[in-house]
Every structure is written in structure tokens, then in C-alpha cells.
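Protein chains in written order, with my numbering: chain X, 1188 to 1295; chain P, 6 to 118.
Treat the hints with caution; some may be incorrect.
Unchecked claim - With a straight-line cut-off of 30 angstroms between C-alpha atoms, the simulated DSBU-like cross-links for lysine-lysine are:
id	chain 1	residue 1	chain 2	residue 2
1	P	K76	X	K1282
2	X	K1229	P	K76
3	X	K1282	P	K14
4	P	K62	X	K1256
5	X	K1229	P	K75
6	X	K1246	X	K1266
7	X	K1282	X	K1246
8	P	K76	P	K62
9	P	K62	X	K1229
10	P	K62	X	K1282
11	X	K1229	P	K19
12	X	K1290	P	K75
13	P	K62	P	K75
14	X	K1246	X	K1290
15	P	K76	P	K14
16	X	K1229	X	K1290
17	X	K1244	X	K1255
18	P	K75	X	K1282
19	X	K1282	X	K1256
20	X	K1266	X	K1282
21	P	K14	X	K1290
22	X	K1255	X	K1290
These aren't lab readings, by the way, just hints derived from the structure by calculation. Nothing here was measured: the structure is a model prediction, and the numbers come from that model.
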Amino acid sequence: EDQVTQSPEALRLQEGESSSLNCSYTVSGLRGLFWYRQDPGKGPEFLFTLYSAGEEKEKERLKATLTKKESFLHITAPKPEDSATYLCASGGYQKVTFGTGTKLQVIP
Amino acid sequence: NAGVTQTPKFRVLKTGQSMTLLCAQDMNHEYMYWYRQDPGMGLRLIHYSVGEGTTAKGEVPDGYNVSRLKKQNFLLGLESAAPSQTSVYFCASSQNRISTEAFFGQGTRLTVV
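Put together the whole structure using the sequences plus the hints.
What follows is the structure, given as C-alpha cells:
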């Protein structure tokens, strides 16, 4: 059964304090590993797709990486506007499985 | 460019009442989805559609029905609402397959009392 586990559940950072969010996944036949950002009261917003182990993608202060079992979302020098819940999802052949998310709070 | 639009944003139902949630997308996407999001659980797929006139069951389809009469619209119906259907519902669309980036609507918060 496909499974996605995200850790930590919540993370509180000082502005400028870099950290990483973890996404562990098991899926038969990975077609893509997705990261989304979700702000309170809003729908998820697409950030990245990673397709194979070793791949990396960057967007502003965010960098996503992928291994055969995990993906990491690295946040460098975060700002308060980076506060949100970050969702990870694994895409199989006929199904996308979402994790429960990491709620990030960046304090000025 | 509106993307994915859901109607309504909030709704309170009494147990046993029925309602329809409407989703509209203007990106000419083939695939559309209905998810529910509950505290402590990941987004769970209710039903999905791979094209106009087609629908398929997702992970948690019981108590819901869907229709896709037009490519741009995907309707989610609750025939007899139950308190267990209290949730936030999200519609999403993707271009041409399931495992690709999806675009989500802003959500509908439904409370069944």
C-alpha cells in the first residue's frame, strides 16, 4: 500500500534559521514526488515535482531533493511569509497519496 | 485566469439533507478530482474524472456521487448528508494524467449538524 509520512508535524523557526522538512514514501512505481504549499483557508499550491533519485529543484528559498525512499524540502534563511503547511505527495501509476503535512511557522 | 473555482465556500447542512458542490476550471484540463481534507489526515480522493462524461471512484467514495457533463465542470453530490461528511472539500484539475501537478480550488468548508 502506498504511504507518505511527513516529519516533523510542526516546526517553528526564527527568521533566517535554515532547516529541512522530511517526506518518507513507499510507492510501487514512482511517477513523481510532489511538494505543495497550503496557506490557512486556501487550497494547496503546487511547488515542485521530482521524478528520480538525485534530482533537485529550487525556487527562491526552497530546495527540494529526492532519494529512493525520502524527499527533503530545505528552507534557507526563511522569512515570515514562508509560514504555511507544506504537503508532500507520491504519484504512482493510478494514484496520488498525500502526507499530512508539516506546519511551518517562521517568527520575525 | 481564474484557475479552479469552487462554489460555495461555506455550507451548513442538517443530517439527511442533500447538496451539490460545483467545481469549474478554465485551463482545459482533462482530469478533475474531488478530495476531502480532515484534521490529522492527508487529502483523500473521493472521486475523479479522466474526461468529459467519465467518472471513477477514489479512496473514499461512499455517500458521494459525481457528474462531469461538461469538460470544465465537475459536480460533487451528497444525497443524504451525515455528520461524518463534515470536512473541507477541494476540487483539483490536472492536464493529462493523474501523477502530475494539480491545481486546486480554494475549498468548501461543509459542516453537517
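Hint compliance check: list the failing hint numbers for this structure, sorted ascending. 12 and 20
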